[in-house]
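Enquirer: Chains D and C supply the protein sequences, listed in that same order.
The working numbering puts the first residue of the first sequence at 1, with every later residue one more than the last.
The working numbering puts the first residue of the second sequence at 1, with every later residue one more than the last.
Source of the hints: derived by calculation from the structure; they are not laboratory data.
Given the structure is predicted, the values throughout are model-derived calculations rather than measurements.
Among the clues, some could well be false.
In silico lysine to any residue, SDA-like type, Cα no more than 20 Å apart, as pairs [stated by the list, open to error]:
id, chain 1, residue 1, chain 2, residue 2
1, C, K220, C, M264
2, C, K220, D, L90
3, C, K220, C, D168
4, C, K220, C, L132
5, C, K220, C, R267
6, C, K220, C, R274
7, C, K220, D, L204
8, C, K220, C, T165
9, C, K220, D, E109
Now the in silico label distances, taken between C-beta atoms and shown as ranges [to be verified]:
id, chain 1, residue 1, chain 2, residue 2, range
10, D, Y130, C, T7, 49 to 57 Å
11, D, P270, C, R173, 29 to 37 Å
12, D, L29, C, L234, 57 to 65 Å
13, C, T15, D, Y130, 25 to 33 Å
14, C, L227, D, Q35, 53 to 61 Å
15, D, V166, C, L227, 51 to 59 Å
Which chain C residues face chain D? A few, computed with CB under 7 Å, are given here [said to hold, decoys possible]:
id, residue
16, N41
17, L203
18, G252
19, Y263
20, A265
From the three backbone atoms N, C-alpha and C, an ideal C-beta is built for every residue, glycine too.
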Amino acid sequence: MARRTGDNGAAPAHTTMSWLNYLVAPGFLQTGQVQSALILGSAVAVCSAVVGVFVIIRGQAFLGHALGDVGSTGASGAVLVGVQAIWGFLGAGLMAGASVDALSRRARERDVATGVVLSAMLGLSALFIYLIGQVSTSTGVTQEILFGSVFTVSPALVLPMVGLAVAAVVVVGFVYRPLLLSTVNPDGARSRGVPVGLVSFLFLVAMIAAVEQSALVMGALLSTALLIGPAATAIHLTRRLGLAIVLSVVLALVDTWLGILLAYDSFNWPPAGRGWPVSFFVVAVMVVAYSIGQAIPRTSAGPRD
Amino acid sequence: MTGIWHTVFAPGLFTYSFVVHAWVAASAIAVLAALVGFFVNLRGEAFVAHAVPRGAFTGAAGAFLIGVNSILGLSVFAILMALGMGLMRRRSHNGVITALALVTALGLGDLFLTVGNTYAPEVFALLFGQLLGISGSEMVAIAILSVILIGVIAVVYRPLLLASTVPDFAAARGVSLTAMNVTFTLLVALAASLTVPVVGALLAFSLMIGPAAAGWYLAKTPWGAMLYSVGIALGTVWVSIVIGYDSSLPIGFLVAGLSLLAYMAARVIHWARRRRPGEGPVMATVAGSVAR
Numbered sequence: 001m002a003r004r005t006g007d008n009g010a011a012p013a014h015t016t017m018s019w020l021n022y023l024v025a026p027g028f029l030q031t032g033q034v035q036s037a038l039i040l041g042s043a044v045a046v047c048s049a050v051v052g053v054f055v056i057i058r059g060q061a062f063l064g065h066a067l068g069d070v071g072s073t074g075a076s077g078a079v080l081v082g083v084q085a086i087w088g089f090l091g092a093g094l095m096a097g098a099s100v101d102a103l104s105r106r107a108r109e110r111d112v113a114t115g116v117v118l119s120a121m122l123g124l125s126a127l128f129i130y131l132i133g134q135v136s137t138s139t140g141v142t143q144e145i146l147f148g149s150v151f152t153v154s155p156a157l158v159l160p161m162v163g164l165a166v167a168a169v170v171v172v173g174f175v176y177r178p179l180l181l182s183t184v185n186p187d188g189a190r191s192r193g194v195p196v197g198l199v200s201f202l203f204l205v206a207m208i209a210a211v212e213q214s215a216l217v218m219g220a221l222l223s224t225a226l227l228i229g230p231a232a233t234a235i236h237l238t239r240r241l242g243l244a245i246v247l248s249v250v251l252a253l254v255d256t257w258l259g260i261l262l263a264y265d266s267f268n269w270p271p272a273g274r275g276w277p278v279s280f281f282v283v284a285v286m287v288v289a290y291s292i293g294q295a296i297p298r299t300s301a302g303p304r305d
Numbered sequence: 001m002t003g004i005w006h007t008v009f010a011p012g013l014f015t016y017s018f019v020v021h022a023w024v025a026a027s028a029i030a031v032l033a034a035l036v037g038f039f040v041n042l043r044g045e046a047f048v049a050h051a052v053p054r055g056a057f058t059g060a061a062g063a064f065l066i067g068v069n070s071i072l073g074l075s076v077f078a079i080l081m082a083l084g085m086g087l088m089r090r091r092s093h094n095g096v097i098t099a100l101a102l103v104t105a106l107g108l109g110d111l112f113l114t115v116g117n118t119y120a121p122e123v124f125a126l127l128f129g130q131l132l133g134i135s136g137s138e139m140v141a142i143a144i145l146s147v148i149l150i151g152v153i154a155v156v157y158r159p160l161l162l163a164s165t166v167p168d169f170a171a172a173r174g175v176s177l178t179a180m181n182v183t184f185t186l187l188v189a190l191a192a193s194l195t196v197p198v199v200g201a202l203l204a205f206s207l208m209i210g211p212a213a214a215g216w217y218l219a220k221t222p223w224g225a226m227l228y229s230v231g232i233a234l235g236t237v238w239v240s241i242v243i244g245y246d247s248s249l250p251i252g253f254l255v256a257g258l259s260l261l262a263y264m265a266a267r268v269i270h271w272a273r274r275r276r277p278g279e280g281p282v283m284a285t286v287a288g289s290v291a292r
């Protein structure tokens, strides 16, 4: 997949090494930052892609995005009290998820309840950033919180992050059948004795884990992109859920790897030596994949919505 | 007595010109945001109200990069996002299109800020808003544009209400649902262009969601819901100006916090009322009343 990008296919044979260097800038796989970025990025991609398919069929795209966004509140709160950012992210995610759940007794109320909780958490975030500004002179905090970067995550976080991603996927796998049933037909699931509330709660916890670790590693922006983009493309292409999940995972992985590769390469692009952000490339690849997916007509008959 | 008065309403709160600008501009955008928020709540599109101002921030960053006025860039980007979302949404779930539009905008914004590589104070000011930094001409522009948009809302009120509550019925009466989708997203975009410089890109949607949501729980008719949301939005920005002037706390925090309080209070009142028979939320009666 990677080799099809770029216009290097026509390069003469004797320059094999040089065009390869052009495609994959020297030292790509030897750089420690790139290695942990690839490992973390892959874990986030797989986890977001699996959870994302259910997020879309359950119509929870806004909640999925909001959970990533409220991570910034947790992060700035964590900076303020001096604890590890991951606890800020997870704490804020759990608080927001629980609040939305408590405020939306009826399905009709969920959208607005999500909006109100998100607005309250972002308001807190503004307060925290203001308070951080009062006690320190560093201005970088704002930008770092708004746009995290996969290249700046501490290597010590790799293992716990991968563990969290695996845990989220395991939870989804554990509730797979009842989750599917209570998503498609909640009343039918109830009458069959499926504990719909418990299953929804477990999925919410998996979603929080997936989104928060992705927001911490990739930034809030990419957490939404990887949660929604590959899954939406996959769901458009197939009506079989299992296949959609596999397709979503593949798309998310390719997207993340290409994004990291291009961002690494872009250090040689103008303006020289600065590098373009990973998030831009991941989103760009995602939009291209989604557009190609939309252009392919559905093979199966009948509208899905 | 004068002591207490001056503690709450610090000297200059009604006389310094920059505070007077804030009173006028904030009141104008509060009314506008509350009216647009009425439709945001009616249609259950809080995500759009969040995504448009947030994504439009990209326009400000892009405008800075090429040396154009940042508020102009913001408005152009907001309108582009609105058109894209309004036209695309029939092809997929609403939330998906909104999320994709938002991440596309933010990805570009990240690129613009990285390539620009300068800390642009006026761009970052747009993230958090500058209620007390509005100039006289900006105040006049905000007030005039708000009045025009409120007039537009009055014109599209009836078809938009129909299309939002009883789409099949509206389509049968010759209302174009796509046109109403675009009208709605454009209204959000235009309201966002006026709200973001004042309240900030992160929290402009607070004014569109909290007061209107509170209105839904308090009122029994659509008109009542609109009046409540306008009243609550005005109260929110006025109290925010007083506290913000006294304490220099960020305006977004104040607006979001007060909207949350209003929403929670409305939920409690609604919950207490519901124990009496015959008083359901307004949502249940809207479809019936507009179809009549």
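Enquirer: Now, for every hint given, state plainly whether the structure supports it.
Expert: Here's how the hints hold up against the structure:
1. K220(C) - M264(C): 18 Å, holds
2. K220(C) - L90(D): Violated: K220(C) and L90(D) sit about 39 Å apart, past 20 Å.
3. K220(C) - D168(C): 24 Å, violated
4. K220(C) - L132(C): Violated, at about 36 Å.
5. K220(C) - R267(C): The given pair, whose Cα atoms are some 14 Å apart, holds under the 20 Å limit.
6. K220(C) - R274(C): Measuring from Cα to Cα gives roughly 12 Å; hence the hint holds.
7. K220(C) - L204(D): At roughly 33 Å apart (the allowed maximum being 20 Å), L204(D) and K220(C) break the hint.
8. K220(C) - T165(C): Measuring from Cα to Cα gives roughly 16 Å; hence the hint holds.
9. K220(C) - E109(D): 17 Å, holds
10. Y130(D) - T7(C): 49 to 57 Å: Given about 22 Å between the Cβ atoms, the range is violated.
11. P270(D) - R173(C): 29 to 37 Å: About 56 Å separates the Cβ atoms of P270(D) and R173(C), which means 29 to 37 Å is violated.
12. L29(D) - L234(C): 57 to 65 Å: 59 Å, holds
13. T15(C) - Y130(D): 25 to 33 Å: 26 Å, holds
14. L227(C) - Q35(D): 53 to 61 Å: Once the Cβ atoms are compared, 60 Å apart, the range 53 to 61 Å for Q35(D) and L227(C) holds.
15. V166(D) - L227(C): 51 to 59 Å: 53 Å Cβ-Cβ, so the 51 to 59 Å window holds.
16. N41: 6 Å, holds
17. L203: 6 Å, holds
18. G252: Check passed: Cβ of G252(C) comes within 4 Å of chain D, closer than 7 Å.
19. Y263: Cβ of Y263(C) sits 5 Å from chain D, so the hint holds.
20. A265: Violated. Min distance 12 Å.
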